[in-house]
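Novice: Listed here are the chains, written in short residue letters.
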Amino acid sequence: MPVFDQQETRKPPISQIGAILWLKTNLFSSWINSILTFASLYLLYIMIPPLLNWMIFDASFSFGTINFFGFEIKFSEEMATNDNCGRVGACWPYIYEKLYMYTYGFYPRTETWRPNTVFALTGLLFVIVPLVKNYKYKNRVTLSLIILYPLISYILIAGGFGLLTPVDTDQWGGLLLTLIIASVGIIVSFPIGVLLALGRQSNLKVIKLFSTLFIEFIRAVPLITILFMASFVLPLFLESGNYFDKLLRALIGIALFQAAYFAEVVRGGLQAIPRGQYEAADAIGLSYFQKNVLIILPQALKISIPNIVGSSISLFKDTTLVLIIGLFDMLAMVNLTSNDPYWLGRETEGFVFVTMVMWAILYTMSRYSRKLELRFNTENKN
Amino acid sequence: MSDKNTNIIEISELNKWYGDFHALKNINLDIKEGEIIVVCGPSGSGKSTLIRCVNFLEKFQEGSILVSGTELTDDAQKIRKIRSEVSMVFQHFNLFPHLTIVDNLTLAPIWVHNETKQEAREKALKLLDRVGIKDQAEKYPNQLSGGQQQRVAIARSLCTNPKIMLFDEPTSALDPEMISEVLDVMIELAREGITMICVTHEMGFARKVANRIIFMDDGQIVEENDPENFFNNAESDRLQLFLNQILTH
Numbered sequence: 001m002p003v004f005d006q007q008e009t010r011k012p013p014i015s016q017i018g019a020i021l022w023l024k025t026n027l028f029s030s031w032i033n034s035i036l037t038f039a040s041l042y043l044l045y046i047m048i049p050p051l052l053n054w055m056i057f058d059a060s061f062s063f064g065t066i067n068f069f070g071f072e073i074k075f076s077e078e079m080a081t082n083d084n085c086g087r088v089g090a091c092w093p094y095i096y097e098k099l100y101m102y103t104y105g106f107y108p109r110t111e112t113w114r115p116n117t118v119f120a121l122t123g124l125l126f127v128i129v130p131l132v133k134n135y136k137y138k139n140r141v142t143l144s145l146i147i148l149y150p151l152i153s154y155i156l157i158a159g160g161f162g163l164l165t166p167v168d169t170d171q172w173g174g175l176l177l178t179l180i181i182a183s184v185g186i187i188v189s190f191p192i193g194v195l196l197a198l199g200r201q202s203n204l205k206v207i208k209l210f211s212t213l214f215i216e217f218i219r220a221v222p223l224i225t226i227l228f229m230a231s232f233v234l235p236l237f238l239e240s241g242n243y244f245d246k247l248l249r250a251l252i253g254i255a256l257f258q259a260a261y262f263a264e265v266v267r268g269g270l271q272a273i274p275r276g277q278y279e280a281a282d283a284i285g286l287s288y289f290q291k292n293v294l295i296i297l298p299q300a301l302k303i304s305i306p307n308i309v310g311s312s313i314s315l316f317k318d319t320t321l322v323l324i325i326g327l328f329d330m331l332a333m334v335n336l337t338s339n340d341p342y343w344l345g346r347e348t349e350g351f352v353f354v355t356m357v358m359w360a361i362l363y364t365m366s367r368y369s370r371k372l373e374l375r376f377n378t379e380n381k382n
Numbered sequence: 001m002s003d004k005n006t007n008i009i010e011i012s013e014l015n016k017w018y019g020d021f022h023a024l025k026n027i028n029l030d031i032k033e034g035e036i037i038v039v040c041g042p043s044g045s046g047k048s049t050l051i052r053c054v055n056f057l058e059k060f061q062e063g064s065i066l067v068s069g070t071e072l073t074d075d076a077q078k079i080r081k082i083r084s085e086v087s088m089v090f091q092h093f094n095l096f097p098h099l100t101i102v103d104n105l106t107l108a109p110i111w112v113h114n115e116t117k118q119e120a121r122e123k124a125l126k127l128l129d130r131v132g133i134k135d136q137a138e139k140y141p142n143q144l145s146g147g148q149q150q151r152v153a154i155a156r157s158l159c160t161n162p163k164i165m166l167f168d169e170p171t172s173a174l175d176p177e178m179i180s181e182v183l184d185v186m187i188e189l190a191r192e193g194i195t196m197i198c199v200t201h202e203m204g205f206a207r208k209v210a211n212r213i214i215f216m217d218d219g220q221i222v223e224e225n226d227p228e229n230f231f232n233n234a235e236s237d238r239l240q241l242f243l244n245q246i247l248t249h
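Protein chains in written order, with our numbering: chain Y, 1 to 382; chain C, 1 to 249.
Some clues are possibly wrong.
As the list claims (entries may be wrong) - Subject to a maximum C-alpha distance of 25 Å in a straight line, what follows is the list of computed DMTMM-like cross-link-like pairs (lysine to aspartate or glutamate):
no. : chain 1 : residue 1 : chain 2 : residue 2
1   : Y       : Lys371    : C       : Asp75
2   : C       : Lys134    : C       : Asp184
3   : Y       : Lys205    : C       : Asp75
To be verified - Far from chain Y, by Cβ distances over 12 Å, these chain C residues were calculated:
no. : residue
4   : Leu125
5   : Ala153
6   : Leu183
7   : Ile246
Hints were generated in silico from the structure; no laboratory data involved. Please read all numbers here as calculations on a predicted model, not as lab measurements. Glycine included, C-beta positions come from ideal geometry on N, C-alpha and C.
Same shape as in the complex, but just chain C:
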């Protein structure tokens, strides 16, 4: 998986504040092409903020982020270029409720990547087939279950052939019986070699597919390790405590 040694994301000395609140403290993180990174930590620890900085949904005040060699700045052109390579799946799906499922998928290809309606539609249907909901293509998002909506959201973010996928707690808003259908799609994606950063509490998923797991607390990276050592040889007390809290049930 991490066979190529080029860094696709380089985050260095990243600092972010919300007003006076220091949300990210000196984050340094390099991610190689094809790596699967899982970010976990207690709520409010800055995990979502961190991945939202990567596609510039959040502005940061200090430090730098390079995405496939392009540095993130205020320049609208650059931001759009990066966003066409980095797609994101949200906790609350954020599908566009006024558009049908297939129109949700074809929007970016048509308007951002200048594909023809025909091409975009064919690709969209293929992707919907892949996530197992091709027969719902002409429905509206609110007619689908949560799990189906999240799979549509994943298909939508794949529509632009991204190099990097960001997942922001993709299963946290789902009913328990729907979590596995979404995780299955994510596992399949991970096996195909796309670079992924997932903020999630699904430790089974992390153990199964992650190359590295990053534990964040209080706005900083506390520990990072491969799954094996992450779960069995936690070094810091904070990670030990966190693991005890989420794994004892």
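So that you can see chain Y by itself, here it is in the shape it has in the complex:
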């Protein structure tokens, strides 16, 4: 009977690794791919240089003063005007000039510190939460943050309660309004969405029917219609005394809209959980509530993270629709400020700027979701 020697382990052959192989497999694997590669390179060649010229090399940067979240940065004594910017490149001093509008809308200039504090608190939140991850009382800290943060933010921004000058929601605008609508929309709709998803899977016929009807109705209607309904139709049904805030009505509309989408996303996650998990949870005697909170939802939500974030990102972008019911978010501010007679013909700068801000925020969100996925991945850990 033959006996074989132990084989030594080797590295793969050099032709099977490295940059050349990568180029070969990814860019030039067939003649169609090679043509596409060259076509893409040509497209980039005709697009990128003019864009860079407009944005950077021919652009004006240093006129006037920039007010960045309360910090004044002075570039030159010379006032920025439409004329001392050339017409060849971008006029970024226009953005400095309008940055206040893009950020806060019509928020009173004397009260800017209030939204700034909220921005700072929000930033702080992202620092605190990872820090207390291993702290003994992390649940208590998290819970108090969940309650305190929105409360403090609301008091700061809206004022009132005899503490601060009230600022009407009509005056909120720009990035501030965009962030408020998006975050309130996402945070309020999420638990509703989870409940609707569970409702749709429920054994209780009435709850199942209600959840299904609600989800299917909302998903069959465009967000614009819901915003119109909330803004113009709803007040018709209410007695005149019960007229409530326009922003609040929009928020309710958006939250209900998003809840239906979250519900379907979460339902997808719920369906991916094997029946054995339900049976094991039942067999050890957990109640319906415990079973869902401790066993099913943690797994289902984890699977759904990419879709939850995807859905949140589309909601964030959809918030720009509030323009049509007369709320001025960041994008609406571009249109509004471009009507300034001293700054005619500069909306391109505005749109490019808003695009960059949106991209920065949404790209951060999508990176963060990837991080969450990795953190919660216990299934394939080795």
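Fit chain C to the given chain Y structure using the hints.
Specialist: Relative to the frame of chain Y, chain C by itself:
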């Protein structure tokens, strides 16, 4: 073993249908405290369905099941009471993949039996030690081999101090070299006097520890006997055929 003569499980006239399919036909079975019952039979014969009725994972349409004197009904309170006395080990382990091994074990004691985290954890580690995987306590289920996972599952079902253990083909999903480590744990449990109902094809195990072996086919109990007579003096043709099929290899 079956020294006490009280019946801990009484199944009478049990009938179950899946839609039109008659899955269990007139099952009558009494099990005494401390008895080890092995249920075997061809696939689709209703063995798993039968033991899943005992902790009400499956609803049945006719008949009654009494578990330590409590009758199984739709009443959620009663079901939870029974499930705290009856635990189950599944073919596919069904560990909770998002929780560490020790958290898998302490879940029911903490949430169902109101034990403190400290107590539950100590007991869990003791049980893990008993099934030989204490050093894996902080890992996640998918980092363990199949045999280890099934031993964790057994430890998890012991965590609530059950009177009755149900095993639903606990070794069928395991690689052959891992079967014996699970069977060893089960044999040890059987010797400690806990009531066990095992659906399994491990005839060596059945011969070694069972008090009674039940053969099911086509939704009914065809034959039941002590191991000695079960293997050597099979009365029905169907059992004879079944034994020939599984014992000739």
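Novice: None of the hints should be skipped; say for each whether it holds.
Specialist: Going through the hints against the structure:
{"no.": "1", "hint": "Y:Lys371 - C:Asp75", "verdict": "violated, 44 Å"}
{"no.": "2", "hint": "C:Lys134 - C:Asp184", "verdict": "holds, 17 Å"}
{"no.": "3", "hint": "Y:Lys205 - C:Asp75", "verdict": "holds, 18 Å"}
{"no.": "4", "hint": "Leu125", "verdict": "holds, 18 Å"}
{"no.": "5", "hint": "Ala153", "verdict": "violated, 8 Å"}
{"no.": "6", "hint": "Leu183", "verdict": "holds, 21 Å"}
{"no.": "7", "hint": "Ile246", "verdict": "holds, 26 Å"}
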